[in-house]
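There are 4 protein chains.
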Amino acid sequence: MSKIPVGILGATGMVGQNYISLLTDHPWFEVKYLAASPRSAGKTYKEAIEGRWHIRRGYDAALDKLIVEDANDVSKALAAKKRGNLNFVFSALEMEKDIILKLEESYAAAGIPVISNASAHRWTPDVPMLIAELNPEHSDIIPLQQKRRGWEKGFIVVKPNCSIQSYMTPVYSLLKAGYEVKRLIVTTMQAVSGAGFPGVPSLDVIDNIVPFIGGEEEKSEKEPLKILGTIEDGLIKNAAGPLISAHCNRVPVIDGHTVTASMEFGENKPSIEQIKEIWRNFRALPQELELPFAPKQPIIVREEANRPQPGKDRDADKGMAVSVGRIRPCPVFDVRFVGLSHNTIRGAAGGGILNAELIKAKGFFGH
Amino acid sequence: MSKIPVGILGATGMVGQNYISLLTDHPWFEVKYLAASPRSAGKTYKEAIEGRWHIRRGYDAALDKLIVEDANDVSKALAAKKRGNLNFVFSALEMEKDIILKLEESYAAAGIPVISNASAHRWTPDVPMLIAELNPEHSDIIPLQQKRRGWEKGFIVVKPNCSIQSYMTPVYSLLKAGYEVKRLIVTTMQAVSGAGFPGVPSLDVIDNIVPFIGGEEEKSEKEPLKILGTIEDGLIKNAAGPLISAHCNRVPVIDGHTVTASMEFGENKPSIEQIKEIWRNFRALPQELELPFAPKQPIIVREEANRPQPGKDRDADKGMAVSVGRIRPCPVFDVRFVGLSHNTIRGAAGGGILNAELIKAKGFFGH
Amino acid sequence: MSKIPVGILGATGMVGQNYISLLTDHPWFEVKYLAASPRSAGKTYKEAIEGRWHIRRGYDAALDKLIVEDANDVSKALAAKKRGNLNFVFSALEMEKDIILKLEESYAAAGIPVISNASAHRWTPDVPMLIAELNPEHSDIIPLQQKRRGWEKGFIVVKPNCSIQSYMTPVYSLLKAGYEVKRLIVTTMQAVSGAGFPGVPSLDVIDNIVPFIGGEEEKSEKEPLKILGTIEDGLIKNAAGPLISAHCNRVPVIDGHTVTASMEFGENKPSIEQIKEIWRNFRALPQELELPFAPKQPIIVREEANRPQPGKDRDADKGMAVSVGRIRPCPVFDVRFVGLSHNTIRGAAGGGILNAELIKAKGFFGH
Amino acid sequence: MSKIPVGILGATGMVGQNYISLLTDHPWFEVKYLAASPRSAGKTYKEAIEGRWHIRRGYDAALDKLIVEDANDVSKALAAKKRGNLNFVFSALEMEKDIILKLEESYAAAGIPVISNASAHRWTPDVPMLIAELNPEHSDIIPLQQKRRGWEKGFIVVKPNCSIQSYMTPVYSLLKAGYEVKRLIVTTMQAVSGAGFPGVPSLDVIDNIVPFIGGEEEKSEKEPLKILGTIEDGLIKNAAGPLISAHCNRVPVIDGHTVTASMEFGENKPSIEQIKEIWRNFRALPQELELPFAPKQPIIVREEANRPQPGKDRDADKGMAVSVGRIRPCPVFDVRFVGLSHNTIRGAAGGGILNAELIKAKGFFGH
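Residue numbers (our numbering), protein chains in the order written: chain A, 31 to 397; chain B, 31 to 397; chain C, 31 to 397; chain D, 31 to 397.
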């Protein structure tokens with residue numbers, strides 16, 4: 031089978047670099063189209079990225095010669111599509127929200143599906159916000175989105191913020207097992223890579239932490255409700271709970287968001303052992319479909335007293351598994367634990383790739 | 031007025047070094063007696079500390095020539111007392127709990143008051159565990175302790191763990207203002223200096239955090255109840271609340287413990303503005319007595335979006351003030367905030383010195 | 031004696047913040063005039079600095095109400111001078127070199143002496159580049175500079191780059207003692223504060239070092255030659271040597287530049303003990319004049335095996351002393367050592383203040 | 031072909047962990063024997079390593095059930111050899127030098143070849159100290175060593191210190207190309223993993239560097255001379271040069287030793303371009319033999335202004351390639367550059383594995 035040609039919008043930014051790095055040797059997808067700001071347009075990727083490759087993994091040298099196009103110019107993408115060099119795009123755009131909103135719609139309207147990492151369309155009610163193991167069924171809104179907007183082949187799918195994977199996969203699997211999580215108080219300790227490049231100045235995080243990340247607490251509290259929501263009349267209706275309080279902090283860690291979480295259950299309360307059992311055994315559609323980026327075991331339960339740790343556990347199952355540990359009673363709520371997920375893989379480009387694999391498997395990219 | 035001669039037990043350890051550094055030019059106390067393990071005994075302090083000074087402040091060079099005694103040998107201290115070179119000791123002993131328990135009692139029985147930083151006697155019911163602004167009245171148990179144990183001039187006073195200052199001073203001041211704090215969920219991000227030397231290996235905290243500190247969560251949850259307790263029949267009886275859940279983490283910060291806290295109030299709920307007002311205006315006995323180490327304003331309220339931060343705020347009022355910020359509604363409980371205190375100053379040696387000043391001011395050291 | 035009113039150009043930048051912080055309670059100078067970019071002009075300093083105070087020390091709250099002026103508008107400074115609120119300015123301007131060149135000349139031409147931290151005029155041949163202990167006699171060029179340019183009261187004095195203090199003070203004192211240092215190979219490990227704010231991205235220096243700092247090696251190799259130069263015909267003529275090779279690196283340290291240095295002497299070679307003796311006893315004009323910011327002992331010789339270290343030694347004598355250690359034979363050259371100086375104090379604002387004190391003491395500010 | 035069964039002496043230490051991790055899925059070797067201190071003997075590896083796995087990669091879970099033997103008891107290894115479970119051992123022993131000296135000899139005398147990472151035998155004159163690309167011919171001393179000592183099948187081979195790979199591979203390739211490097215001044219900035227676990231206390235390297243590593247400078251200066259030596263009368267005779275001065279520093283980096291180097295050539299001086307050409311094209315016996323751990327290109331020349339960096343380049347070619355950059359004229363010597371190699375892979379366990387592959391390919395393990 032020949033690979034599906036894909037494009038990266040925002041190919042020179044940090045998230046774009048992560049997509050490019052992670053898609054190296056992908057069994058289904060092949061990067062054939064790169065677009066970025068007008069400043070980079072017309073350059074080879076090697077020229078465009080000169081002195082600006084900021085992540086600690088490399089990329090396929092074959093991309094060095096690819097000419098970078100202007101991401102604002104959808105006609106360039108259409109031309110690539112006609113040449114058979116583009117089926118859909120990963121959007122890693124870093125622009126103002128309003129511009130991204132319209133630009134992603136332009137691509138979709140032009141027949142080019144958009145698998146987006148940007149936050150712009152997260153609250154657009156007919157755009158699904160997917161974590162592939164949690165709400166894969168939300169992808170079924172795609173034909174309704176297309177119909178509603180008069181788009182033939184294009185559509186938009188987004189993923190949530192990088193801060194929520196570490197606690198929402200564990201919480202979701204408990205909900206699915208029949209245990210209502212009513213209230214949740216979490217404190218995140220987030221890696222600097224989550225802020226992009228140049229991102230967090232070193233003066234702010236050497237021998238320091240910053241107990242504030244703009245907009246992050248709101249996202250961490252509200253995005254789960256859309257993910258847990260239901261499709262009604264072609265729109266996604268938020269779930270009513272759980273009620274979440276998130277304290278978000280920046281810490282001197284390169285990759286990996288760690289979270290401490292206290293959960294209050296409804297009347298049906300699982301035991302510590304039942305929770306571990308549910309987490310160890312949790313599997314979902316990506317695992318059934320054996321999607322290439324799906325972790326074999328989405329939640330890894332660590333029994334050591336002092337794990338998970340970002341340095342040691344972020345790369346679990348190529349950075350796609352969530353690690354949990356220290357599962358113990360909470361003196362105030364019912365149960366507390368520590369969660370961890372790799373923010374730029376599971377929480378960003380890797381999660382986006384898994385979303386694209388899911389959508390491919392469900393046939394929405396066409397044939 | 032001539033200064034009171036004081037001793038340091040455990041003078042070569044990290045806490046001992048902090049005492050020695052902070053007591054430089056103290057207006058009331060003068061270090062005249064140093065004791066440590068038999069390994070250091072007989073050496074000058076300069077010899078004993080050679081290559082082992084691990085803190086980032088210096089100390090009074092006059093101490094270099096002082097001969098270090100064996101801390102296990104109380105007779106050495108008694109001899110110093112007879113020479114007029116010792117009135118009381120700061121205990122910064124780093125030994126097994128059982129040994130410290132008995133050794134501190136031996137000093138007290140010999141007529142030498144012990145102001146301890148060690149955890150051994152924290153749960154001894156006739157030993158007060160003091161934060162000078164919170165429970166100075168617990169020092170009134172001293173004569174009862176002496177009578178009960180048949181000690182004439184000696185006694186033991188301890189201070190609590192370094193992790194609780196950042197939230198308990200704010201919580202206490204609200205309780206005192208008539209607002210019951212029923213439940214509290216905190217996550218601490220603690221500096222490596224809290225673990226002493228060699229303490230936390232660098233391999234564990236460069237580009238990493240460790241979401242576990244042995245015994246720390248229990249201390250953080252239970253010690254506040256003794257501090258808020260009352261003296262009954264010569265013993266301290268714990269308070270019933272607040273109910274606390276503490277998640278304790280080690281982060282790559284040299285000094286300064288940061289905490290995120292969510293508070294649930296009883297029926298009487300203060301507004302955000304009332305809380306800020308209470309915190310800004312909080313003053314206690316150490317401020318009234320103008321004790322040398324008392325911060326002028328025990329709680330500093332920061333209005334910036336991203337403060338307090340350990341790097342910028344730990345040294346507030348010479349490291350003795352607690353800084354708070356991000357005071358805002360909590361979606362799950364009532365109010366949440368970020369707290370910060372310097373763990374080796376406010377939370378250890380500085381807190382111990384303030385306790386000694388309080389006890390001096392109350393006349394318990396004799397005249 | 032009433033204090034001399036001084037101004038800060040670039041008062042909101044990192045170097046400006048350091049000046050403001052260090053000048054708190056200065057015995058001779060009082061900050062009465064603040065100027066910055068047009069963006070800050072017209073605001074109070076408190077407003078201008080809101081959320082932009084990036085250094086880990088505080089400043090005199092009295093400045094909060096001072097109105098910030100536009101640094102490009104020299105007439106504002108002249109008006110302040112007429113009101114008696116400005117005698118001279120510290121230039122901490124962060125602009126393009128050409129603009130700073132002309133702007134500093136405009137101030138000087140208007141009769142306002144400029145003590146500059148900027149690099150713009152370092153190679154202007156009639157502008158002295160001062161390290162107060164090394165080439166205080168270069169200040170004698172000031173009347174020649176004024177005559178040559180037709181300036182009556184104004185003049186310009188600069189200081190060198192922050193990277194050279196750690197080795198040039200030790201090297202100079204040997205030269206002065208009659209030992210020619212012919213060749214010098216140094217490797218610097220420089221703190222992130224040297225790059226200003228936002229400066230070095232945290233992604234670049236957590237668990238990493240960057241073996242390159244733009245333009246730094248050239249400055250580190252050539253500026254010493256001007257400092258060691260002589261005044262001839264009203265211009266400073268560079269010294270011929272020593273020949274220097276500098277390898278400059280950025281390391282994850284907040285403050286303090288460390289250097290390793292190998293020295294080759296001429297025929298007259300001092301012993302290790304002679305070198306230590308020379309360094310310990312080195313005193314210069316600032317010490318003779320007892321200038322307020324002069325370290326009592328400009329070079330502190332450490333005998334421990336593993337010192338100096340930036341974390342423990344940068345603040346020696348309020349950050350104004352250079353610490354050296356590990357003085358030992360070099361298998362390739364003659365002698366090698368480790369040097370350390372605080373880059374934002376000794377190497378920037380503190381060095382500038384000491385220069386101003388020297389110039390005041392020599393009477394160049396007028397009376 | 032069935033794999034060769036190998037053992038690890040010191041299997042629970044940091045170097046042993048690195049061997050175990052790197053040997054996962056090795057095409058030639060299979061770990062079948064683990065030995066450590068008496069404390070671990072008799073436990074399964076999982077039990078022995080509980081809470082003590084300190085490196086940031088994992089290992090083959092199949093080893094969890096292997097029983098750890100006492101490394102002091104050579105008879106255990108002999109029994110394993112008889113069972114066909116052991117051909118040779120990797121020594122990662124962490125004991126006193128004298129004990130390692132004798133213990134490694136006991137294994138060799140018992141017929142078990144020792145590929146050692148320990149420093150004990152580095153200066154034993156009939157023991158080769160191998161960097162597989164530099165002095166593979168030194169392995170030819172093995173039969174002479176066996177004859178001299180009366181050993182039939184056993185022998186000892188060691189590798190040099192982790193600090194020298196970053197500059198000696200570049201220097202060696204120039205020597206081999208006919209350019210004498212007469213003198214070399216290097217400054218190393220070494221990762222904390224080089225000190226093992228617990229190793230460097232975090233208090234010593236957060237916001238700090240330590241300009242001293244015990245014994246490291248001597249090793250860095252002298253070991254190259256043995257590597258460049260020749261076999262004469264069954265002993266290795268040191269080379270006369272180059273003359274090296276090494277300044278060794280510990281920096282806050284997890285993995286990867288960086289070096290700055292200034293080289294002085296003899297009369298025949300290569301140009302910058304010639305040096306780059308020599309380095310890019312350098313290949314040696316491990317590349318010819320296509321050994322599994324041999325990097326395809328032993329020296330990677332980076333052209334970017336600010337590379338190599340440990341965070342981005344340490345893992346080049348699975349951590350086995352040396353990266354160099356900033357190749358430029360030196361104002362004092364002839365040419366200077368920055369070098370980098372992964373200290374726990376290229377500089378320790380990976381280098382040891384490559385040595386074993388070389389010795390296997392040369393037939394010294396028998397058949």
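If you are wondering where the hints come from, they were derived from the structure by calculation, not from laboratory data.
You may find that some hints are simply not true.
Identical chains share a label here; the pair holds if one copy fits it or two copies do between them.
[What the hints assert, rightly or not] With a straight-line cut-off of 16 angstroms between C-alpha atoms, the simulated EDC-like cross-links for lysine to aspartate or glutamate are:
(1) Lys76 x Glu334
(2) Lys76 x Glu333
(3) Lys112 x Asp128
(4) Lys348 x Glu126
(5) Lys73 x Glu307
(6) Lys183 x Asp170
Going through the hints against the structure:
no. : hint            : verdict
1   : Lys76 x Glu334  : between (44 angstroms within a copy, 12 angstroms between copies)
2   : Lys76 x Glu333  : between (45 angstroms within a copy, 13 angstroms between copies)
3   : Lys112 x Asp128 : neither (28 angstroms within a copy, 51 angstroms between copies)
4   : Lys348 x Glu126 : neither (31 angstroms within a copy, 39 angstroms between copies)
5   : Lys73 x Glu307  : neither (52 angstroms within a copy, 27 angstroms between copies)
6   : Lys183 x Asp170 : within (14 angstroms within a copy, 68 angstroms between copies)
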